[in-house]
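Top line first, the protein sequences correspond to chains A and B. So the first sequence is numbered by this note's numbering: it starts at 1 and just counts up by one. So the second sequence is numbered by this note's numbering: it starts at 1 and just counts up by one.
Errors might be hidden in some of the hints.
It does not matter which identical chain is meant; a pair holds if it fits inside one copy or across any two.
List of simulated lysine-lysine pairs, BS3-like, C-alpha gap at most 30 Å [unchecked claim]:
id, residue 1, residue 2
1, 39, 310
2, 228, 124
3, 215, 264
4, 379, 310
5, 310, 228
6, 307, 124
7, 24, 267
8, 267, 97
9, 227, 97
In short, the hints are calculated from the structure, not lab data. The structure presented is a predicted model; accordingly, all values stated were derived computationally and were not measured.
Protein chains: 2
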Amino acid sequence: MRKEYLLTPGPTPLPPQISLAMAKPIIHHRTPQFQAILKEVSSGLKWVFQTANDVFIISSSGTGAMEAAVINLLSAGDIALVVQGGKFGERWTEIAKAYGINTEIIDVEWGKAVSPQEIGKRLKANPQIKAVFVTLCETSTGVDNDIQAIAAVVKETPAVLVVDAISGLGAVDIKTDAWGVDVVVAGSQKGLMLPPGLGFISVGPKAWKLVEASKGGRYYLDLRKAKKAADKNDTPFTSSITLIDALNEALKIMQKDGLEYIFKRHKIMADATRAASGALGLELFAPTAASDAVSAVKVPAGLDGEKLVKTMRDTYGVTIAGGQAELKGKIFRIAHMGYIAESDIITGLACLEKVLTQMGYKFTLGAGVSAAEEIFLKKENN
Amino acid sequence: MRKEYLLTPGPTPLPPQISLAMAKPIIHHRTPQFQAILKEVSSGLKWVFQTANDVFIISSSGTGAMEAAVINLLSAGDIALVVQGGKFGERWTEIAKAYGINTEIIDVEWGKAVSPQEIGKRLKANPQIKAVFVTLCETSTGVDNDIQAIAAVVKETPAVLVVDAISGLGAVDIKTDAWGVDVVVAGSQKGLMLPPGLGFISVGPKAWKLVEASKGGRYYLDLRKAKKAADKNDTPFTSSITLIDALNEALKIMQKDGLEYIFKRHKIMADATRAASGALGLELFAPTAASDAVSAVKVPAGLDGEKLVKTMRDTYGVTIAGGQAELKGKIFRIAHMGYIAESDIITGLACLEKVLTQMGYKFTLGAGVSAAEEIFLKKENN
Numbered sequence: 001m002r003k004e005y006l007l008t009p010g011p012t013p014l015p016p017q018i019s020l021a022m023a024k025p026i027i028h029h030r031t032p033q034f035q036a037i038l039k040e041v042s043s044g045l046k047w048v049f050q051t052a053n054d055v056f057i058i059s060s061s062g063t064g065a066m067e068a069a070v071i072n073l074l075s076a077g078d079i080a081l082v083v084q085g086g087k088f089g090e091r092w093t094e095i096a097k098a099y100g101i102n103t104e105i106i107d108v109e110w111g112k113a114v115s116p117q118e119i120g121k122r123l124k125a126n127p128q129i130k131a132v133f134v135t136l137c138e139t140s141t142g143v144d145n146d147i148q149a150i151a152a153v154v155k156e157t158p159a160v161l162v163v164d165a166i167s168g169l170g171a172v173d174i175k176t177d178a179w180g181v182d183v184v185v186a187g188s189q190k191g192l193m194l195p196p197g198l199g200f201i202s203v204g205p206k207a208w209k210l211v212e213a214s215k216g217g218r219y220y221l222d223l224r225k226a227k228k229a230a231d232k233n234d235t236p237f238t239s240s241i242t243l244i245d246a247l248n249e250a251l252k253i254m255q256k257d258g259l260e261y262i263f264k265r266h267k268i269m270a271d272a273t274r275a276a277s278g279a280l281g282l283e284l285f286a287p288t289a290a291s292d293a294v295s296a297v298k299v300p301a302g303l304d305g306e307k308l309v310k311t312m313r314d315t316y317g318v319t320i321a322g323g324q325a326e327l328k329g330k331i332f333r334i335a336h337m338g339y340i341a342e343s344d345i346i347t348g349l350a351c352l353e354k355v356l357t358q359m360g361y362k363f364t365l366g367a368g369v370s371a372a373e374e375i376f377l378k379k380e381n382n
Numbered sequence: 001m002r003k004e005y006l007l008t009p010g011p012t013p014l015p016p017q018i019s020l021a022m023a024k025p026i027i028h029h030r031t032p033q034f035q036a037i038l039k040e041v042s043s044g045l046k047w048v049f050q051t052a053n054d055v056f057i058i059s060s061s062g063t064g065a066m067e068a069a070v071i072n073l074l075s076a077g078d079i080a081l082v083v084q085g086g087k088f089g090e091r092w093t094e095i096a097k098a099y100g101i102n103t104e105i106i107d108v109e110w111g112k113a114v115s116p117q118e119i120g121k122r123l124k125a126n127p128q129i130k131a132v133f134v135t136l137c138e139t140s141t142g143v144d145n146d147i148q149a150i151a152a153v154v155k156e157t158p159a160v161l162v163v164d165a166i167s168g169l170g171a172v173d174i175k176t177d178a179w180g181v182d183v184v185v186a187g188s189q190k191g192l193m194l195p196p197g198l199g200f201i202s203v204g205p206k207a208w209k210l211v212e213a214s215k216g217g218r219y220y221l222d223l224r225k226a227k228k229a230a231d232k233n234d235t236p237f238t239s240s241i242t243l244i245d246a247l248n249e250a251l252k253i254m255q256k257d258g259l260e261y262i263f264k265r266h267k268i269m270a271d272a273t274r275a276a277s278g279a280l281g282l283e284l285f286a287p288t289a290a291s292d293a294v295s296a297v298k299v300p301a302g303l304d305g306e307k308l309v310k311t312m313r314d315t316y317g318v319t320i321a322g323g324q325a326e327l328k329g330k331i332f333r334i335a336h337m338g339y340i341a342e343s344d345i346i347t348g349l350a351c352l353e354k355v356l357t358q359m360g361y362k363f364t365l366g367a368g369v370s371a372a373e374e375i376f377l378k379k380e381n382n
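Build the full structure now, drawing on both the sequences and the hints.
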């Protein structure tokens with residue numbers, strides 16, 4: 001017998017009532033019963049996306065929704081400006097290239113946020129740029145980009161701003177309409193506390209003009225079809241009924257808590273993780289732009305980072321994430337997005353301390369956990 | 001309190017152990033634990049597809065897998081031969097057109113199967129045709145096409161055969177390798193007894209050459225990426241973990257039963273439904289090519305077909321399907337695919353008889369149910 005803990009940046013653990021919702025008998029998707037669910041979900045999505053724009057649901061992973069953004073807004077030969085500061089920034093470039101879209105790239109050092117001024121400079125230098133693609137929370141490095149400042153720059157230009165908020169939505173703030181973000185993409189298995197399988201995309205009026213003008217081929221991911229169906233409270237193809245029903249539960253739970261509380265909760269979990277890392281003598285990978293959704297921590301010199309993650313998972317049942325691509329073995333990532341409570345952070349940190357000790361790293365046992373406890377206690381007194 | 005019955009051609013009811021599998025805590029997809037599941041699923045899929053080819057899993061509806069077939073095999077300007085004998089045959093054409101692929105169309109009267117000889121003639125007349133797109137079970141009309149005979153014709157030509165088996169797989173026989181079917185597409189919410197959300201596609205060597213040669217843009221649905229990942233027991237993008245875990249359960253249940261038994265079971269359910277229709281004085285819409293997966297029955301003259309379906313569902317909790325597109329109000333469809341037992345058919349028929357009576361249609365009450373009982377009883381004596 002052992003208990004398993006999931007502290008990864010997608011999938012994230014599911015509240016038991018959401019898990020149980022998925023065990024309910026399935027209903028047909030072209031019925032008044034399912035339309036009622038879709039209607040609630042649609043309004044719940046607008047709430048969590050902080051937008052009055054349509055939020056379309058796609059049966060796909062988050063990448064499918066990213067692709068929907070690219071191919072609906074742009075056609076081959078168009079120019080896109082892509083911010084690349086990690087694996088998921090690079091994904092925007094890969095998708096654009098697969099469709100013959102020309103990319104101008106802002107290469108940001110991994111672990112840093114992009115400079116909004118740099119985006120402004122590039123847009124000024126090339127007025128042909130039709131869309132800017134950035135990442136809210138760059139999951140691979142634990143960095144949050146300053147979307148509010150970026151949006152302020154982009155909205156003064158003819159370009160539209162597209163934000164990959166897959167790891168960020170429901171964990172850190174993104175005020176789609178208030179900040180003027182044209183397109184926001186998200187996925188189900190992060191802050192929304194669902195299994196993977198649903199992608200989401202909100203599209204504002206400035207972006208919708210591009211959707212209508214784009215000449216690229218599209219069918220399954222055609223947002224014009226999605227819009228036509230959504231206007232009739234439907235989806236263009238068979239909905240992922242079970243996941244959408246579970247999404248409805250998740251959105252209700254979130255609405256009860258409120259966005260302000262949700263973001264504050266994520267910040268406290270992140271603060272505790274960051275304080276613990278410091279107390280253990282570990283360095284954050286992204287100290288200047290650390291995300292409240294996931295913390296990336298440098299593996300101490302001389303220690304095998306992959307072994308650390310593997311031992312925590314395979315021997316002790318605590319799954320955190322290692323580094324990806326060039327960061328493989330060099331960082332580990334503790335996610336605190338979605339259904340993560342103080343108890344999960346404490347458990348994760350205690351397990352980290354246990355394995356670090358076994359691997360020969362020197363520190364005061366309990367220092368990380370007690371630093372986290374202090375943060376949690378301070379919150380109670382505020 | 002009322003019991004709900006689902007007799008629609010997708011989604012289909014889920015066995016309780018599959019529903020419960022979806023309520024299990026989620027696990028991470030890049031772990032040995034999930035890789036073990038993917039490995040079992042991969043071998044189970046090959047078994048149900050009756051192929052040694054790779055069967056790729058896509059997080060999408062069945063349409064996403066159809067699109068994967070089109071865009072991976074063909075590029076703009078290529079020529080495809082499409083068999084159109086219903087709504088889902090038309091979908092092949094719509095997808096092809098969305099990508100600038102030229103289509104030659106065999107328009108089959110709705111309710112009839114395509115003539116394999118006609119396919120041969122068209123291929124001979126135009127040797128530029130690269131691929132033939134057909135439907136195994138045309139859900140909209142309740143017709144099964146003769147894939148074995150079609151494959152025998154197509155395999156003598158340079159063209160590849162692509163079969164939409166979304167409604168057929170796991171309900172009626174399709175011997176992918178023995179018959180020589182190059183590409184088979186399926187979905188999760190039919191014979192596989194799962195919620196919608198997964199698409200599948202098997203690709204044989206003749207078709208794989210086209211996948212490598214196609215010049216069209218693709219990313220999320222790129223089968224080259226799927227192949228690269230599958231070779232490492234992985235998926236290119238975040239897997240729909242919960243659905244894949246449930247798929248593993250479903251495939252185990254099916255393997256225990258065996259394909260021969262499964263197809264026989266579907267045939268008996270179909271025979272019972274057809275016998276009942278006859279006993280009620282109702283005509284099958286597709287008497288010469290009736291599918292064992294779904295029965296399409298003509299609405300008696302003067303009766304409102306939409307009201308019939310709506311009353312059965314909204315008043316009595318038995319959900320069957322109406323007609324689509326040009327068949328709206330003119331047929332109703334009782335599906336007997338997946339987790340459908342004698343009890344479901346009896347319940348569906350009794351409810352049909354009740355509502356037909358209420359709507360003023362004249363017949364001997366119980367005639368349909370007793371015709372079905374006879375079929376079920378005969379089976380016990382064989």
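Tested hints:
no. : hint      : result
1   : 39 - 310  : between (43 Å within a copy, 20 Å between copies)
2   : 228 - 124 : neither (36 Å within a copy, 40 Å between copies)
3   : 215 - 264 : neither (43 Å within a copy, 48 Å between copies)
4   : 379 - 310 : neither (33 Å within a copy, 54 Å between copies)
5   : 310 - 228 : between (47 Å within a copy, 24 Å between copies)
6   : 307 - 124 : neither (47 Å within a copy, 61 Å between copies)
7   : 24 - 267  : between (34 Å within a copy, 28 Å between copies)
8   : 267 - 97  : neither (36 Å within a copy, 49 Å between copies)
9   : 227 - 97  : both (26 Å within a copy, 20 Å between copies)
Comparing the model with each numbered hint stated earlier shows that hints 2, 3, 4, 6, 8 do not hold.
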